[in-house]
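Asker: Generate coordinates for the entire structure from the input sequences, incorporating the hints supplied.
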Amino acid sequence: MGKLVGQPIKRVEDNRFIKGEGKYTDDFNMPNQTFAVYVRSPHAHAKINSVDTSAAEAMDGVVKVFTGQDIADAGLAGSICGWQVDFKNGDTMKEPPHPIMVADKVRHVGDPVAMVIAEDKYTARDAAELVNVDYDVLGAIVDPKAAVEDGAAQVHDDVPNNTIYDWELGDSAATDAAFENAHHVTSLSYHNQKLVPNAIEPRAALAHYDANEDKYTLYSTSQNPHLARLVIGAFVLAIPEHKLRVISPDVGGGFGSKIFVYNDECGCLWASKQIGRPVKWTADRSEAFITDCHGRDHVTDAQMAFDADGNITGLRTKTYASMGAYLSNFSTCVPTYLHGTLMQGLYTTPAVHVDVTAVVTNTVPVDAYRGAGRPEATYSIERLMDTAAREMGMDPTELRRKNFIPAFDGVEQPGYQTQVALQYDSGDYETNMDKALQVADYESLKATRDKAKSEGRLVGIGFSTFIEACGIAPSAVVGSLGARVGLYDAASIRVHPTGKVTIHSGAHAHGQGHETTFAQVVADAFGIGMDDVNVIHGDTENVPFGMGTYGSRSLAVCGSAIMKSVDKVKEKGARIAAHKLECSPDDLEFANGAWTVKGTDKSVGFGDVALTAYVPHDYPADEEPGLDFASFYDPANFVYPFGTHICVVEVDKDTGEVDVTKYVAVDDCGNVINPMIVDGQVHGGVAQGIGQALYEGAVYDDDGQLLNGSMLDYTMPRADNFPMFETDKTETPCPHNPLGVKGIGEAGTIASTPAVVNAVMDALSDYGVKDLQMPLTPERVWSAMNSNGNA
Amino acid sequence: MGYTLKVNVNGKAQEDDVNPRVLLVDYIREKLGLTGTHVGCDTSSCGACTVHVDGKAVKSCTMFAVQADGADITTIEGMCQNGELHPLQAGFKEEHGLQCGFCTPGMIMACADLLENNSNPSEDEIRHGLEGNFCRCTGYHNIVKAVQHAAENG
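Residue numbers (the working numbering), protein chains in the order written: chain F, 428 to 1218; chain L, 203 to 356.
In short, the hints are calculated from the structure, not lab data. Just so we're clear, the structure is a prediction, and the values are computed from it rather than from any experiment. Glycine included, every Cβ here is placed at the ideal spot set by N, Cα and C. Treat the hints with care, since some could be wrong.
[As the list claims (entries may be wrong)] Simulated coverage check for chain F against chain L, where a stretch passes if three residues somewhere in it have a Cβ under 8 Å from a Cβ of chain L:
| no. | stretch |
| --- | --- |
| 1 | 627 to 636 |
| 2 | 932 to 946 |
| 3 | 1040 to 1048 |
| 4 | 1111 to 1117 |
Answerer: Here it is as C-alpha cells:
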C-alpha cells in the first residue's frame, strides 16, 4: 500500500459538483444554436401512411422539419450492432436496419418519425405537436417467448419468427445425462423483467457543423466518446474521424444506457450540417423512458441437478431474450457472452448447458444495463441454490460450501477453467463467504429469524455468492466471439517541466471518481502529491483512443494503460537521472519521488528529471527531449470479482410489503485503490439490484404501450426503501494486471437481486409459496401468501 | 407577450422580461445561466431541480418563473457564503454523498430545507425527508451520512 493507494481519499471532482459547477451537456450552448424535438410514434407497431409537416413548418420560429423520408433520401443507414452472434446452424445473425428516423413503419412507442428544429425549445415542442402522422396500427408483440411463435406479429419483415439468432454454450449431452442421473432437481421459471436505467441526467446532444473546416463537433452524454466517434464517423454518417470531435463533459450517470450510439444524437449532427447552425437536443424524462435502451427482459427456465450428497451435477437454462425493436450496439452479446459464460457461478458444476434465443419485440431496444447478462446469470444460479437448499433441507451456506471451487491465486495455482469458456483469474470463495457470515453474525441472524417466526412475524435470510467477469476484454478473444471492436484502453501521462503530471484517460468518468483514483495511483507511482496530478477525460481531441467506461473496466483496463505509461516515464526518467548522476540506469532505484544510486545518498528528484527533460542542456546524447508517453493496454483476460451478499427482510403479513432490514455485502475486487469509492459503488449497485427485486419493471400492455413511462409511474427506489448497508471486503489480487485490481462498478447489482428474493422466499417458507415473479410488489407477495401458490 | 419579473436570486436583484409560460428552472438555467440547477424528470418526481423560493424547497421544473415574482430565490450557486462551503456541501464531500453529481445540487437544496425544519433528524427522518429526491448512484447510504455530518457540524 502506498501513501495514497488504499486510502479513502476524498474526491477531487466533488469540488465542482457540490457547488453546482459541474458542466453537463445541456449546460453548454453555442451562438446561433437551434433546438430540436423529435416527433415519436405513439404506437408500438404501425405502418406510416403519410407525414404532414406543413402546419409545423408554417409556425413562427420553426427553422426546419425533417422526416424519416429525408433520412432515407440522404441514404443514411442508422446505428449499428457491434457484435455478431450467429445461429447454431451457422446462419448469419439477422440484422435489421435501424434508421435515424423511420419512413415506412414504426416498431416501438418512441420510434422517431420526424424532427422539428426551431429557434427555441418551447416553439420546437409546440411545432412537434402539429406534425400530423397518419398511421395504420398493426398488432404488436411484447412477450419474448411468444415472439417466436408462428402467427406472432412480425417486427421486421426479414426476421422470420422475430428470431435474431439461437445460440448455445456447454455440453448438452453431458448436461442431459447429469439430469437423468440426478438425485434431486430444482427448477425455476421466471421473467428477469425489463428495466429502465433512469440515469438522472437525460441524454442530450449539442451538435455543430463548421463549414469552413468541414468539421463536426458533438457534445454528448456518452460513457465512451471515442467509441461514439468511431461508430458515428465510420458507420452512421460517414464522417472521417479527423473531421468529427466528440466531447463527453460531465455525465450524470450512465449505468450502461449511455454506452450506446443513439440515432437521436446522430440526427442532430446530420441536421446541423443541413441547416448550417448548431442543433441542441435534450431528452425529457418521458422520452428517456421510450428511447434509452432498457435492460434485462429475459424469460428463462433454469434447472439444477444434484447428487444425494448435495453436490451440483448439472445446470441447464433456456432463455428467450428480447432485443426490443432494433439491435442496439451491444445488445446481442448480453444474453450470450455476458450471460451464458457466467452460468457456472463459483461452483464446480461439472456439466453446464445454456441455450438462448434472441428475439425482436415491439418494445424499446434492450442493451447492457448495469451488470448486463451477469445479473441474469447470477439470478438463475443463486435462486436455484437457495431454493435447492430449502428443498433438500440443507443450510444454504452448507450447500454452497460443498460446491465452491477451491481457492486458487492464479500464480501458484492455475486459473480455473469453467465448462462455459471462461478461465477465472483468482478466487477464494469460501474465505469470502466466511467473512460475510462473520460480519453478518449468521448464527445470531438465524436465531432472530426463528424467534420472529415463532412470534408470527415473517423474517427471512437470503444469500447470493456470486462471481462476475468484467474488465472487458481481451480483443482477440472477443473478436473471435463476434465483437466488431477491440476492447483495449489507452492513457497517456504527460509530465510537465516542473514535475506536475496530466493523465489523459481513454476511460470516461460519470460518477466513478477517476479524477481521484487515477491520480492516487500516479501520484504514488511518482512520489508526488494528489495536487500535482490532473486527470483529463471525455474529449476525442484531447485523449488517446480508449474504448470508454462500461463493464467495470476503467481501473482494470485503463488503469493498466496508465501503469504502462508510468513505467515508460520511469524508464526514461532513469536514463536522464543516470546521466545527471553519472552512473548506469541499472544502478538506480526509484523511491519517494527520487532516483537514488543504490547504497548511496546520491539522488535526483522527479521534478529535476522532468525539468531536465524539457530543458535538455546537459542531456544524454541519444535521448529525445520531453517526458510524455501514451500506452494502450489490451487485457490478458477478464477479471473476476466475487463476493457474498446476505439480505434480511421482514414481510408485512397484512400487506405483503417487503422491508429490507439488513444488508451485508462482502466483496472481493482484488486490490483496492480507494475503499471509500469502492464502498460507494457497492452501495449504489446494491440499491439498483434491490430496485429490480422489489420495485422496478417496465410494464407493457399487449398493444406495446409502456404503461409506466414516467417517474410518477415507474417505481424508482427512494431513500426510505433501504437500510444502511454493511460492507466489508476480502482482497484476492488479480494476477494478470499491474495493479492487481478487478472491478466493482456492477458487482452490487449482480449480487443483490437474488439475495433479496431468496430472503423473501425464506420469510414465506411456511406459506407453500413456490416462487414469486419480480418485482416483489406487496400485491404479488400478499396474493401468493393468500393463494398458497405461485403469484 | 412579456411579463416583467422581479426576483432576488442568490442575493442579487434581477428584472427580466419573461414569457409567462417559461418554467422557473428554464429561467434560472437559460436566462440567468445558473446551470447548477438540473432537470431530471419534468414531473416533480426526481428533485434535481430543487431550489429555495422564499426559504422553502420547491421543484423549479413545476413552477412558472412568473409565479416566483417578488420572491427570494436561492440556488446551489448561492449556498457558499464568503467562500465557505455550506455545511451540507462539506458533508456531501466528506461522506462521499455523490457520484455523478447530477442530483447533488437538488439534493443539497432539499436537505437544507430538511435541516432548517429539523436540525437533528434521525436516520428515518432523513430518509423520509428525501423521498422527493432521486439518486441513482449512491443507494442513498452516504447521502444520509452527509446530512448527519452537516447536522453535527452545522
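Asker: Against each hint, give a clear statement of whether it holds in the structure.
Answerer: Evaluated hints:
no.: 1; hint: 627 to 636; result: holds (count 3)
no.: 2; hint: 932 to 946; result: holds (count 4)
no.: 3; hint: 1040 to 1048; result: violated (count 0)
no.: 4; hint: 1111 to 1117; result: holds (count 5)
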